[in-house]
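Asks: Chain by chain, the residues:
Protein chains: 2
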Amino acid sequence: MIQKIVILGAGNLATQLALALQENGIEILQIYSRTEKSAKALADQLHCEFTTSLRELVPKADLYIWALSDKALYPVLGEMPVPIGNVVHTAGSIPMDVFENYARDYGVFYPLQTFSKDRKVDFSTIPICVEASEEYLQAELLELGQRISNDVQIINSEQRKQLHLAAVFACNFTNHMYSVGQALLKEKGMDFRLLHGLISETAHKALYLDPLMAQTGPAVRFDEETMNLQEEELKETPEFQKLYRFVSESICHMHAAKKKLK
Amino acid sequence: MIQKIVILGAGNLATQLALALQENGIEILQIYSRTEKSAKALADQLHCEFTTSLRELVPKADLYIWALSDKALYPVLGEMPVPIGNVVHTAGSIPMDVFENYARDYGVFYPLQTFSKDRKVDFSTIPICVEASEEYLQAELLELGQRISNDVQIINSEQRKQLHLAAVFACNFTNHMYSVGQALLKEKGMDFRLLHGLISETAHKALYLDPLMAQTGPAVRFDEETMNLQEEELKETPEFQKLYRFVSESICHMHAAKKKLK
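Quick note, the sequences are listed as chains G and V, same order. Quick note on numbering: the first sequence equals residues 1 to 262 in the UniProt record's numbering. Quick note on numbering: the second sequence equals residues 1 to 262 in the UniProt record's numbering.
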């Protein structure tokens with residue numbers, strides 16, 4: 001069983017994960033970060049040690065969790081002086097075997113959520129996607145995940161890559177649609193708050209209806225007349241006009257395919 | 001003051017609006033719908049009269065609310081035998097003056113929300129956008145809106161057109177991004193529920209952060225390497241691949257413009 005953990009990273013995810021693990025009986029031995037300020041800030045919150053040197057990592061941890069940004073992971077890994085114990089990372093898009101020469105056994109511990117600095121998340125509802133190089137480690141990671149979440153799943157590297165892509169659509173691209181909505185309102189002196197209720201309800205609907213079934217608007221009705229009118233209205237913002245046409249066509253395409261399947 | 005209302009339409013919006021108005025002391029005199037079944041169903045819920053003939057509309061109402069679908073509004077209007085009293089419609093994209101020759105005075109009463117059959121909405125938080133041909137009617141519509149909602153605003157026709165477009169992005173297009181995420185998961189044997197928490201949190205973040213500021217992911221970091229990798233991963237679904245590239249470019253474009261403004 002995993003009981004003593006070292007965490008590499010001190011960003012949003014590292015912070016929230018470390019706090020959740022500690023609250024659920026896991027001992028955080030040490031925080032590593034490349035900058036002393038952020039390492040110390042998190043270590044102070046947890047009342048544990050910190051370091052900015054990979055050579056000073058304590059050797060006795062049951063697990064080393066790499067919660068660094070995707071960009072930082074490879075350079076930091078390159079600086080690792082000697083293989084350490086069991087290692088996992090928390091990234092959606094990085095393969096498990098990056099650790100092959102740097103760890104005893106290794107795996108992935110990927111919490112699927114978007115983390116913000118000043119917003120504490122409830123880990124119990126966050127899916128944690130687990131994968132490991134060895135069966136005993138997979139069992140240990142499942143047990144560790146279940147301490148903080150009610151939704152721990154075994155997801156292999158290929159699935160995880162696809163899941164991460166799906167998350168880009170459902171999170172980043174969705175947020176971009178909100179941004180465009182906001183920009184359009186601003187243009188005519190209206191407040192983004194006008195859309196708040198609609199945004200909440202649209203998200204809520206996707207959770208209890210199938211989003212494919214829940215689709216509304218001119219594109220799903222193949223209503224060319226309204227689409228042409230709305231496209232014309234966007235002529236002052238050609239970027240949004242292109243986006244309007246393109247996403248509308250994508251909706252038409254998906255729903256035409258759905259009809260064919262019936 | 002408006003106290004007696006006739007509602008034309010018996011769909012999702014007509015139903016929810018009629019119920020909310022009745023609960024707040026408005027008398028619903030009559031329901032009109034082109035099909036007897038739907039007219040009767042709603043009239044039974046409200047314990048009021050119904051008709052399927054425009055010639056049988058009761059003449060004494062303070063307001064006639066046209067809550068028909070956008071497509072039905074024009075044909076039904078063409079069949080109107082004589083001008084009636086004060087009339088409003090509930091549509092985002094239809095100009096107010098469609099009623100010019102069919103009503104005494106006229107306006108718009110547009111609740112900005114997506115309505116579903118079996119889900120009762122809380123009208124008190126729905127923005128109601130009001131516009132009228134005459135000042136006295138505008139005041140009456142404001143008062144009527146305030147009976148059922150805490151967020152009633154005067155929005156002119158030009159603004160309303162733009163608001164409706166913004167709603168297409170924030171609701172229909174957002175929902176399409178959910179659908180693509182779901183399709184990607186299905187492809188690799190994963191359940192859409194994996195994304196539920198992410199969808200909720202992304203919507204929630206947009207309400208308390210500026211969505212432009214809240215944007216995350218490879219595109220906003222101008223991370224070409226990750227974007228190329230992810231695009232490559234989508235090669236089996238060229239439609240999604242195109243969408244990925246196009247929305248990513250749109251994010252880059254918007255955030256490059258933001259940087260320039262600074």
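You may find that some hints are simply not true.
Which copy? The list can't say, so a pair holds if one copy fits it or any two copies do.
Stated by the list, open to error - With a Cα cut of at most 27 angstroms, we get these calculated DSS-like pairs of lysine-lysine:
| # | residue 1 | residue 2 |
| --- | --- | --- |
| 1 | K71 | K40 |
| 2 | K40 | K161 |
| 3 | K259 | K242 |
| 4 | K120 | K60 |
Derived by calculation from the structure, the hints in this document are not laboratory data.
Asks: Now tell me if each hint is right for this structure.
Replies: Verification of the supplied hints:
1. For the identical chains of this complex, K71 and K40 are intra-copy neighbours only, at 22 angstroms inside a copy versus 63 angstroms across copies, given an alpha-carbon limit of 27 angstroms.
2. Taking identical chains as interchangeable, the C-alpha atoms of K40 and K161 are never at most 27 angstroms apart, the minima being 33 angstroms within one chain and 52 angstroms between chains.
3. Within a single copy, K259 and K242 get their C-alpha atoms as close as 26 angstroms, and across copies as close as 21 angstroms, so both meet the 27 angstroms cut-off.
4. For a Cα distance limit of 27 angstroms, the shortest separation of K120 from K60 qualifies neither inside one copy, at 30 angstroms, nor across copies, at 56 angstroms.
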